[in-house]
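K.L.:
Chains as they are written, first to last, in the numbering used here: chain U, 1 to 228; chain Z, 1 to 405.
Mixed in with the good hints, there may be bad ones.
Said to hold, decoys possible - Far from chain Z, by Cβ distances over 10 Å, these chain U residues were calculated:
no.: 1; residue: N24
no.: 2; residue: P41
no.: 3; residue: R136
no.: 4; residue: K209
no.: 5; residue: E225
Unchecked claim - Distance condition first, Cα-Cα at most 30 Å in a straight line; then the derived BS3-like pairs of lysine-lysine:
no.: 6; chain 1: U; residue 1: K125; chain 2: Z; residue 2: K306
no.: 7; chain 1: U; residue 1: K19; chain 2: Z; residue 2: K398
no.: 8; chain 1: U; residue 1: K161; chain 2: Z; residue 2: K15
no.: 9; chain 1: Z; residue 1: K2; chain 2: U; residue 2: K118
no.: 10; chain 1: Z; residue 1: K2; chain 2: U; residue 2: K125
no.: 11; chain 1: U; residue 1: K75; chain 2: Z; residue 2: K398
no.: 12; chain 1: Z; residue 1: K15; chain 2: Z; residue 2: K2
no.: 13; chain 1: U; residue 1: K75; chain 2: Z; residue 2: K306
no.: 14; chain 1: U; residue 1: K220; chain 2: U; residue 2: K209
no.: 15; chain 1: U; residue 1: K143; chain 2: U; residue 2: K220
no.: 16; chain 1: U; residue 1: K32; chain 2: U; residue 2: K211
no.: 17; chain 1: Z; residue 1: K306; chain 2: U; residue 2: K117
no.: 18; chain 1: Z; residue 1: K306; chain 2: U; residue 2: K163
no.: 19; chain 1: Z; residue 1: K293; chain 2: U; residue 2: K58
no.: 20; chain 1: Z; residue 1: K293; chain 2: U; residue 2: K19
Don't read these hints as lab results, they were simulated from the structure.
Computed from a predicted model, the values in this text were never measured in an experiment.
Glycine included, C-beta positions come from ideal geometry on N, C-alpha and C.
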Amino acid sequence: MKIIDIKNLEKIYNDSEVKVHAVNGVNLSFEKGEFAAIVGPSGSGKTTLLNLLGGLDKPSGGEIIIDNTSVGTLKSSRLIDFRLHNIGFVFQAYNLIPVLTVKENVEFIMLLQGKSKKERDARTKELLEAVGLIDRIDSRPAKLSGGQQQRVAVARALASKPKFILADEPTANLDSKTTENLLEIMEKLNREEQVTFIFSTHDARVVKKAKRVITIEDGKIISDERRN
Amino acid sequence: MKNLTIAWRNLWRNKRRTLITAAAVALAVFFSTLMSSMQEGTYSKMIDNIVKFYSGYLQIHHNDYWETRSIDDSYVPGQDLKDALNSTDEIELYVPRIESFTLLSTGNVTKGAALIGIDPEEENKITNLSQWVSTGEYLSKGDKGILVAVNIAKQLKAEIGDTLVLISQGYHGASAAGLFPIKGILKFPSPDLNNFGAYIDLDAARDFFSVPDMVTSMVLLVSDYDHVQKIKHAIQEKVGDKYSIMTWDEMQPEIVQMIEGDRAGGVVMKAILYIVIGFGILGTIIMMMSERKRENGIMIAIGMQKYRLQTMLFYETLLIGLVGVIAGFVLSIPIISIFVNNPIPLPAEIGEAYEMFGLEPAMYFSLVPKVVLNQLITVFVITLCIAVYPVIQIINLKVSNALRA
Ligand SMILES: Nc1ncnc2c1ncn2[C@@H]1O[C@H](COP(=O)(O)OP(=O)(O)O)[C@@H](O)[C@H]1O
Ligand SMILES: [Mg+2]
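Work the whole structure out from these sequences, hints included.
P.N.:
So, in structure tokens, the structure goes:
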């Protein structure tokens, strides 16, 4: 089942003196349950592409259709709600709200969604168990390691039961052991619960784990391979 | 997680900065409260004294009397007026007076002064005149003696028991002359009043000025000094424009002007203080917003509506002000409460200006609600203005830019 369809996507940054064609005519689609890596050197357009895909930035041209909704046409408050209900985000680092505990960070999204306390408590527990951090439930983010923080971020991204999760270089700030650990958790969620992950990276060890590798250079897709 | 809870926790992320900012607000509130309290305390003491020593809260005159100050503009307080006064709530007491001018002479020295005919007992209930008798005795009903203010007595070189010759003009040109033994010397705390005049019994004054049954003024004591306008209108409604009814502030416009002028000066000082503090808070909020740009971006990215984030930041700004205000009150209110009942005495040299208003030289304090409320409202309005900053920042926040921060 196709959940994302990207057509002729363009992003041109005009604000500085030099025009930057950060995304240049991208056509892509994603199915439910994918575990896809967007790979490319620094400055190749990965973040820009993921931001467009997540509705965090407006395309200069082309279209993104997520489950029959053309994301580019949504007004800003509708777009925020669309993100809340459809997309989970994991960023490179410092994802969590520092003044909230681990539990509250995960719960936060469900609060925004207006879920009942009972449902919030159950889901928070389930997710923190899945990422192996149930024993840190009442800690503040600053008390956790970088890897643990990213695992909480994954739990938070899943809290809203999104259609897919976008993760922009989620392991960039992690050492190899914690990188592996985070990927294992992501893989497990993908395998056991069909959670769709689209993540960017330029780390070869991360690329190895992907079931689909999309390579981008100068804003253009130069290869798109599926493996098993 | 309520917005307010998150705002409260955010407030204490940078404890030191928040404490310094709140302390600055607290200090401004502390000084402003103290200053306002002192101003209001002094004003109300001044008004109190003037009202108590002399004018009363309201006076009722013949329509022309205030202009002419002439005994010819005396009037007989009719039953209609008495009924009106008796039936008006909040009037505790009204007493008659006859006020005019006279020459006082010991034979060698002659001096002009005010002569006031009073009902000794009733007058005492309003102005507590008897407390100022420094030597001799206060008047009694039907008394033939005279009370003389101390400076006048000195100038006349007159003492208790001496007889003064009084010469004036009575009703419609009637001659007025009489002999009055000095029964007491009045020593007021105010030099103005010490130079002002002499008091005799009401009936003696009526004889002297040939105004049987008449008065120049009815002096009213009311229960609440803030209600004088209301009471004035209530009486006016009953008696029409037959009489002129004046409130203390209409009789003493210089005092009112002086108070307003002084208050305005205080407002300028407080405004400067609060503007400085306002920029302090603004600085803190600007730093806070720039530090938290990425975090704010993340919250909007994951699905928080901008208005919710704005509400949260709005609360946070208000809370800084609120913490400061509360701390300011915690410091100032107990101190003021002590001083309200124990004015701080001032050395005599500084106190001269006070004496003009019949005040003992001291710093007076007041805790009327507006002393506190004004600070609360001011800080609230300032933080409200500052809270616009984060609101605008969030309106303009571009998530993709914020995430790169
Ligand atoms: N806000 C922006 N304004 C101007 N140029 C930008 C902006 N964001 C990114 N770019 C440029 O767009 C290109 C792609 O950037 P980015 O998407 O961040 O790449 P990656 O994530 O692969 O490192 C780069 O050349 C970068 O300098
Ligand atoms: Mg990037």
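K.L.:
Hinted pair, alpha-carbon criterion (30 Å max): K32 (chain U), K211 (chain U). Please report holds or violated.
P.N.:
Cα-Cα ~13 Å, so holds.
K.L.:
For the pair we were handed, K161 (chain U) and K15 (chain Z), check the Cα-Cα distance against 30 Å.
P.N.:
Given that 30 Å is the threshold and the Cα spacing comes to 36 Å, the pair is violated.
K.L.:
Beyond 10 Å from every chain Z Cβ: check whether that's true for N24 (chain U).
P.N.:
holds (17 Å)
K.L.:
Holds or violated: K306 (chain Z) and K163 (chain U), Cα atoms, limit 30 Å.
P.N.:
holds (23 Å)
K.L.:
What's the verdict on K19 (chain U) and K398 (chain Z), does the C-alpha distance respect the 30 Å limit or exceed it?
P.N.:
Cα-Cα ~19 Å, so holds.
K.L.:
Take the C-alpha atoms of K15 (chain Z) and K2 (chain Z), compute the straight-line distance between them, and say whether it is at most 30 Å.
P.N.:
Given pair K15 (chain Z), K2 (chain Z) holds - Cα atoms ~21 Å apart, limit 30 Å.
K.L.:
For the pair supplied as a hint, K75 (chain U) and K306 (chain Z), confirm whether the alpha-carbon distance does not exceed 30 Å.
P.N.:
Roughly 13 Å separates the two Cα atoms, so the pair holds.
K.L.:
Could you grab the alpha-carbon distance between K125 (chain U) and K306 (chain Z) and see if it respects the 30 Å cut-off?
P.N.:
holds (28 Å)
K.L.:
Check the hint pairing K293 (chain Z) with K58 (chain U) against an upper bound of 30 Å on the C-alpha distance.
P.N.:
holds (19 Å)
K.L.:
For the pair we were handed, K293 (chain Z) and K19 (chain U), check the Cα-Cα distance against 30 Å.
P.N.:
holds (25 Å)
K.L.:
Does the alpha-carbon distance linking K2 (chain Z) and K118 (chain U) stay inside the 30 Å limit?
P.N.:
Holds. K2 (chain Z) to K118 (chain U) sits at ~17 Å (cutoff 30 Å).
K.L.:
Hinted pair, alpha-carbon criterion (30 Å max): K220 (chain U), K209 (chain U). Please report holds or violated.
P.N.:
holds (23 Å)
Violation of the numbered hints given earlier is confined to hints 8 and 15; the remaining hints are satisfied by the structure.
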